[in-house]
Amino acid sequence: MQDSALADHMHRVTEELPRKVAEALARQIEDDTLDLPVLAGTAARVMQMALDEDVDPVHLADAIRNDGAMAGNLLRIANSPLYRARSAIVSLQQAISRLGMHQVREIALAIVCESRVFRVKGFEKELTEVFRHCLATAHFSQEIARVKRWNVEEAFLAGLMHDIGRPVLLQAVSDLSRELDCRLTKQQSLDLVTTAHERAGASLVTRWELPQRVSDAVYHHHHQMGQVQSGPLYAVVGLADELAHFALRDGTVDEPALRESPRLGVINLYPEEITALIACGEKVRLAVEAVG
Amino acid sequence: MIHEYDVVVLGAGPSGQKAAIQAAKAGRSVLVIDRDLQVGGACVHRGTIPSKTLRETAVALVGFKRRSGGVFEIPASEDLQVASLMTRLEQVVSGNEEYIGRQLARNGVTVWHGKASFVGPNEIDVHTVRGERWQARASLIVIATGSRPRSPADIVVDHEHILDSDSILSMTYLPRSLAVLGAGVIASEYASMFAALGVKVVMVDRGERPVGFVDPELTTRFVKSFGQLGGRFVGGVKVLGSQWDGVASVVTLLSNGEVLLTDKALFALGRIANVDDLNLAGAGLSLTQSGLLEVDEHCRTAVPHVYAVGDVIGPPSLASSSAEQGRRAVCHALGLSVGMPAEFTPLGVYTIPEMAAVGLTEAQVVAKYGSAIVGRARFDEVARGRISAVEDGLLKLVADPEGQRLLGVHVIGEGASELVHIGQMALMGGLGIDTFIETIFNFPTLAEAYRVAAFDVVKQRELRALTSSPAPKIRPAPSPAAVSS
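Protein sequences appear in the order of chains A and B.
What the first sequence shows, in the numbering used here, is residues 1 to 292, in sequence order.
What the second sequence shows, in the numbering used here, is residues 1 to 485, in sequence order.
Some clues are possibly wrong.
Claimed, not checked - Derived lysine to aspartate or glutamate pairs resembling EDC-like cross-links, with alpha carbons at most 20 Å apart:
#1 B/459 <-> B/438
#2 A/148 <-> B/277
#3 A/148 <-> A/53
#4 A/148 <-> B/158
#5 A/148 <-> B/276
#6 B/115 <-> A/272
#7 A/125 <-> A/250
#8 A/148 <-> B/36
#9 A/121 <-> A/191
#10 A/148 <-> B/90
#11 A/125 <-> A/175
#12 A/283 <-> B/125
#13 B/115 <-> A/175
#14 B/115 <-> B/125
#15 B/115 <-> A/260
#16 A/148 <-> B/166
#17 A/283 <-> A/62
#18 B/224 <-> B/392
#19 A/148 <-> B/97
Claimed, not checked - Counterexamples of contact, computed for chain A against chain B with all Cβ distances above 12 Å:
#20 6
#21 58
#22 110
#23 121
#24 149
#25 279
Said to hold, decoys possible - Simulated DEER-style distance windows between Cβ atoms:
#26 B/425 <-> A/81: 54 to 62 Å
#27 B/106 <-> A/222: 55 to 63 Å
#28 A/222 <-> B/154: 55 to 63 Å
#29 A/35 <-> B/154: 45 to 53 Å
#30 B/286 <-> A/276: 33 to 41 Å
Everything labelled a hint here was simulated from the structure, so no lab data went into it.
Note that beta-carbon positions come from the ideal geometry of N, C-alpha and C, so glycine has one too.
All chains should be modelled from the sequences, with the hints used to inform the complete structure.
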């Protein structure tokens, strides 16, 4: 979609959205100039760990793996010319294993220092919910991949990144409305984010040189069924997205809807397999709560 | 409503397909039921076909290095994306899938997608992904549901750091190091394949040598070749534990005190039959202590109209033997001639280099006939072996104590799985050892190894005759190398 078409689309969705904000945002998406901010709480926690020479590497690795913003920024830096190996780093595990804990600690500090800390007044709760939902989706994606014997690392990463466009766009909308002096309602901002988050997220993932399959999964995760050239990862993430909504009890998905999901046919999951996945909900919820 | 068929085949892998096609060609109405979306079974989607596609790249790399005589070096790139080594995989898999689908359709075989279970000796219940239920009834039922990797009780196979043979090819990037736990066919194939791709591989097993049922002379050569690829085989040890350290390595503890730290581990210690969902009791069937279905020499179970073929009945669990079992089972059930004796089904192990065999082993011949004459041809004795830089190959002909009758053929070396078929034809035709001497093969080819090995048998045969004769006539034996050139 060209940026003018994207701007029109966004303008239509949020009828009262000033055209100049829609156009500026569309341009940022097209030009790939959106940045992924980190949450203030995560930044402080990782900073503390990275400065502690005696930190258990398992805890630092977990802190990075479990936070979409940290994980995304780690991959961005791991694939930058300074650190990049002969081939692209395509998973979080690979990045941690190849770089070693010393460099991971350095990069964690760099992320905290160089990244913008997410500050959009009035959206803190929404943002925390997005990151919790992304983590739950990552856990369910990896469980589905385990059942199907598909790549677990890639599924986790795709799940973690699937809504990464949301915080990016929220920050960008907030910045633009301030710069252009256009006040938006909270609902206008959220609608705008919902409209373009798959596209913005997929652009970021592509820019970080992650596999095309991950980018496609982020872009298509709301598709119910059909053929995506890079395979069924989009359906894995889409189903994990539904499972995460159900497990975190946000009221958007109920069990009958889950059991009727057309994605089950795409992935070839039988009723007893979806029952087992639903039963993982408690474990996933605890994992999300543990992160905070 | 119950759908009536003459034959119902559970599973669309190699054995199921051949059973279905054979029944259809005999004019029977046939239904195949498979739980996967596509036909082909684990062979096409998770096993033989994908692994051999990756292997082809590994073989090409090794061959190129060898044949260039060291002029070209291809540095192994860690982090190389596995998919980039299998760019043709999708075409290969979909090509196979389409071919199988077309073949089944052409023969009028109906295919249902769902999970099957017995509700009676002749009735099958099928439930689908969408929760629908269908029923079918048949007078002949063939169980061909295959197998899956065994999950160890004490090691967590998370399919992320510790993988099994169903998940190993899901890796996105080549690990720097890999511990292979087990040394059967699948373990040895993957171990040598990843070693050839530059991964530092350690293969560990309780047995003293890999692929225990293959001729020891072949496996000794395989271990040597594996070492030349950079791999290491640790035999005679137990794996005490293996787990992810939470950061960067899989830690594997061995009974000899060694601790292996690797990026990934492949657990490949056996497979179990896919029979959990079948409700075998509904057909009056039960499993052996090893979790397999017991069958007679015709693949017939304890219930006369139910046959079981392929991995569900246990070793050799190779695609070729499974397919043949499927065909033979249906032939037997329908009273048709089965053709070729089962003992002439060849064995192919796609290690690097390949190993293949047909007929009896040297030990089996000794046990049966008291002694054996074994003729050997190293591939460095034939021109093609040197040209193709596959000098590490070996062909063994196992003959009766008189050195006249061919009883077995064993080959290691690139092309072994093709080369063995000459021996298979000779065995099926009952040809003698001398036939290979009297036959002209193309030059230069590896087939010439048959002549060289046959001359070796003749040399020993004559020597035996001389030593056992009261008045020996001294006559120089022809040199295999001289004759072959």
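> What hint numbers does the structure not satisfy?
Replying inline: 3, 12, 13, 21, 24, 27, 28, 30
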